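*Asks:* Sequences listed follow chains A and B, in order. Per our numbering, numbering through the first sequence is continuous, rising by one, with the last residue being 926. Per our numbering, numbering through the second sequence is continuous, rising by one, with the last residue being 522.
Just to be clear, a hint being listed does not mean it is correct.
[Stated by the list, open to error] Mimicking DSS-like on lysine-lysine, the simulated pairs with C-alpha atoms at most 30 Å apart in a straight line are:
(1) B:K378 / A:K493
(2) A:K666 / B:K214
(3) A:K647 / B:K214
(4) B:K504 / A:K809
(5) A:K619 / B:K214
Read the hints as simulated data drawn from the structure, not as lab findings. Note that the structure is a prediction, hence the values are computed from the model and not measured.
In case you want the letters, here they are:
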Amino acid sequence: MPGAQSHSQISSADEVGPIPSSLDAIDALNFGPREANHLLLRAGFGGTPRQIETLAEWGPERAVDHLLNLDGITYDPPEPDAFDKNIMRPNTPAEQNEYQRARRQRDEDALARFRAERQNRQRADRRQMGDIQRWWLTRMIETPKPLEEKMTLFWHGLLATSYRTIENSYHMFQQNQLYRTHAVGSYADLLRAIIRDPAMLAYLDNNDSSKRRPNENLARELMELFSLGVGAYTERDIKEGARALTGYTFEDDRFVFKADNHDDGPKSILSLRGKLDGDGFVSAILAQPACARYIAARLYDFFARHITDGSTPIDRDLDRFLDRLAHSLRKSNYEVKPVLRELFLSRHFYHPDVMRQRIKSPAELVVGAVRTLLTPVRDLGVLAQGMELMGQSLFHPPSVKGWDGGRTWINTSTLFVRQNLLNYMLTGALPNGYDAASSRDAYDPTPLIDGLKRDDPNAAANPEAVARSLLGFTVGAEPDAAVTALRHFASEHGSRVNDKTITGMLVLVTAMPEYQLC
Amino acid sequence: MTNLHNDPSKSNAYTRREFVGAGLVMASAAMIAPSFLHRSAFGMPRAVEGASSIPGVPEDHILVVVQLGGGNDGLNTVVPYADDAYHNARRGIRVLEDQVHRLDERGTPVGLHPAMDGIKSLFDEGLCGVVQGVGYPNPNRSHFKSMDIWHTADLSGTGTGWLGRYVDAECCGFGAGESGTPDRPDPEGGATARAIEPPIAIGREAPLALHGGRVSPVGFETPDLFRWTGADVHESLDAPYHELAGRGAAAAGDPHSNAAFLMQTAMDAQVSAETIRSAVDAKPLVDYPRSGLAQQLSMVGNMIRAGMKTRIYYVTLGGFDTHSGQGGQNGRHANLLRQFSQAINAFYRDLKAQGNDGRVLTLSFSEFGRRVSQNASGGTDHGTAAPVFLFGPMVEPGVVSRHPSLTDLDGGDLKYLVDFRTVYAAILEKWLGAKSEGILDGRFRAAPVLRRS
């Protein structure tokens with residue numbers, strides 16, 4: 409592997425073998441703080457030194473099960489999980505009649521009132537979408553069940569829907585809750601639910617589909633992007649699938665099945681024949697081996713290494729590993745939890761080719777800063793705006809393909825945004841020109857060196873030891889150039905270690921290109 | 070037309086020495102020169118052979134898009150002053166025959182709004198084309214949706230941006246994104262990336278039009294925001310930051326790793342931030358008005374003058390959503406048109422003084438026009454088709470296409486005559502040298518808006 413030599417500073421080359429193609433589990437003896445940190449970064453948004461220490465002490469099995477057993481932990485979200493569902497409600501019959509009358513009689517004043525009313529509602533709905541965005545960001549930052557939010561984000565990227573198209577914030581909220589309910593549950597159930605989800609039905613035009621003229625949009629993406637991948641089906645399957653999905657629509661915020669608009673004739677989809685409806689279509693998909701393989705690859709892409717952007721070529725060994733994950737997914741009847749358990753416990757997952765090689769998504773970067781460095785949140789609006797500038801506005805994926813991720817997150821412009829937002833979170837400073845004012849919330853970084861203090865009080869007063877400790881924790885390595893640069897910085901401040909110099913060091917560390925990796 | 074980048078024999082052109090002398094190339098960057106330097110060579114004209122990073126693509130052609138946001142009232146911009154239907158529908162906000170700048174007497178006589186002297190003088194010099202009645206089928210009257218449709222060139226308004234796809238198409242495979250990691254290592258050791266520079270948008274957010282699948286645009290309101298802000302907190306952070314950011318890809322070991330990619334991009338960011346800042350800091354060759362749009366265009370003018378190889382620039386002027394108190398000869402809409410017109414005029418005087426006018430095509434559009442009849446609040450509501458302006462010596466000057474009928478309407482709205490995608494097709498094919506079919510996801514016959522070269 410070309411990646412191997414770059415890890416010489418992490419672990420000596422001779423103890424690292426090639427990346428395993430099996431699902432063999434990691435030996436508890438090899439699960440230390442580095443591995444615990446990796447697990448927290450990937451299955452969540454990273455952790456504090458203390459959390460890392462705890463997970464390392466627990467060992468791999470207990471640590472992984474703690475992250476996976478979402479039911480075992482209760483969480484009261486900061487705000488109630490409730491939003492106004494009536495902002496974009498359909499017109500009442502009375503309103504509808506009045507509108508029809510105004511159109512017939514060309515009552516321009518009445519029509520203008522309707523237009524103004526509609527624009528007011530759209531404005532209110534966009535405001536609510538902002539509220540929901542900040543609500544989700546808060547959940548990610550606070551939750552004791554980080555994997556639940558991480559999987560919600562995974563489904564949001566896989567079964568992508570954008571507010572920009574559907575312009576209904578409550579539908580987006582409902583869909584988000586659906587993804588959370590199925591976080592580590594059954595993918596099969598989720599697929600059956602998604603063809604009943606108002607946001608998705610609107611996004612892919614299934615509400616415009618009819619028995620006489622089936623709309624193929626949902627049928628196509630259901631196979632191409634949500635389950636099988638390109639090439640695992642034919643155009644005929646799309647046509648037949650679209651027929652099966654006719655009559656699947658919604659009224660207000662509820663799914664309705666319109667039997668009179670459903671084509672109940674015989675169909676042939678993939679390897680299934682019969683009078684198939686939407687569930688029959690989904691069953692036909694789930695029976696395909698390509699389905700489990702596709703979902704396994706997408707999970708791998710999200711949690712382990714990028715394969716969709718081509719930065720990790722699928723060689724024979726990786727191909728076998730993915731086949732094994734796919735096999736495991738079929739064996740569990742598409743239950744996600746057992747598959748993630750195998751992945752998170754595998755030796756493969758903790759190989760140097762996997763650890764510290766992934767480019768953080770904007771959500772991972774921003775949420776991770778609070779959860780690992782313990783920065784103040786300061787202003788959720790600024791954080792959301794920053795994420796948008798980095799290319800990830802929650803509830804607004806760029807297309808039905810979701811976010812491409814990987815290297816596409818990074819260019820010169822987004823890199824500055826990433827560095828500057830971290831600077832803001834650490835220090836509260838915003839450059840002139842932003843709407844929001846600088847924030848004065850104090851940041852106390854000293855808990856980050858608690859462990860150092862405990863083990864060796866002298867080291868905790870030594871800038872170089874502190875620099876090494878911070879680097880190890882944040883970027884997983886202590887490159888000489890970085891240690892030197894941080895030491896130089898501290899020497900400008902009398903080589904004292906205090907909250908100001910530690911914050912300064914973190915401003916520098918988070919601006920390092922390596923900090924973008926997890 | 071063989072336009073080189075800034076001709077160094079002209080006194081006003083930038084030279085390489087000026088750039089290096091300005092101290093913007095950091096010591097570390099000079100040792101392992103970032104790909105940005107390799108490719109742009111700071112605007113020095115290059116010999117034809119082997120200079121073009123993409124064979125057959127005219128690298129010196131630039132497109133500037135001016136977005137008029139909010140829905141510009143086309144009928145009060147290019148006024149059908151002799152049409153009674155116009156005057157009857159707009160008693161309170163109309164512009165009179167003796168007020169307009171007359172453009173064309175063939176077909177429906179039209180004239181520019183009286184506030185548009187600046188564009189009228191470009192028109193008289195043959196530097197302006199007016200395409201009338203531009204729109205698309207089943208017009209959408211939502212600002213967001215219609216803007217998305219124009220940006221994506223897709224009638225459902227979904228997907229990537231049309232100019233983003235253009236850059237994608239020029240940019241090739243994996244690893245040759247903005248930071249120009251070469252697809253193949255060059256035996257000479259130089260960067261051979263086939264990548265082109267990402268588009269630059271002036272503004273808080275980079276518009277959807279510029280977002281491709283692979284390449285995303287660079288966006289900034291002022292160059293002061295396109296930089297690392299850590300040193301604002303304390304100056305002692307500046308030197309160590311540059312030590313860390315300037316390490317270059319070699320520090321990562323494996324050149325194919327994500328770490329190497331990030332280190333390369335970090336170094337490119339340093340250099341391009343410095344380049345842009347130093348370019349924009351220069352005093353323009355002509356005086357620009359103080360309006361927002363003029364200031365944006367003066368930045369673009371300076372970047373072009375500095376020889377940056379960016380091919381797509383994007384600027385915006387908002388406020389055209391004139392539902393009430395729109396005004397006629399004077400007033401709110403007139404002020405917006407004056408800003409637009411004066412800014413464009415200054416921009417082309419600047420480009421001409423630079424000797425770069427022949428390299429720069431400017432397109433201006435709005436997401437929709439407005440309804441034919443004014444409303445009860447002395448304004449106009451969201452409509453449909455509207456004129457598109459093109460500027461530069463390469464445009465087919467004059468008025469293109471008929472004026473849409475003011476009596477044969479679709480529910481009170483103009484029927485479009487020219488599909489905006491045929492204008493895009495012309496720009497892609499005839500100016501940017503790209504095949505439009507893949508980028509626009511369909512075959513559109515290029516509208517006759519550019520001169521035959």
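*Asks:* Next, verify each hint and record whether it holds.
*Replies:* Outcome of the hint check:
no.: 1; hint: B:K378 / A:K493; result: 50 Å, violated
no.: 2; hint: A:K666 / B:K214; result: 29 Å, holds
no.: 3; hint: A:K647 / B:K214; result: 28 Å, holds
no.: 4; hint: B:K504 / A:K809; result: 25 Å, holds
no.: 5; hint: A:K619 / B:K214; result: 28 Å, holds
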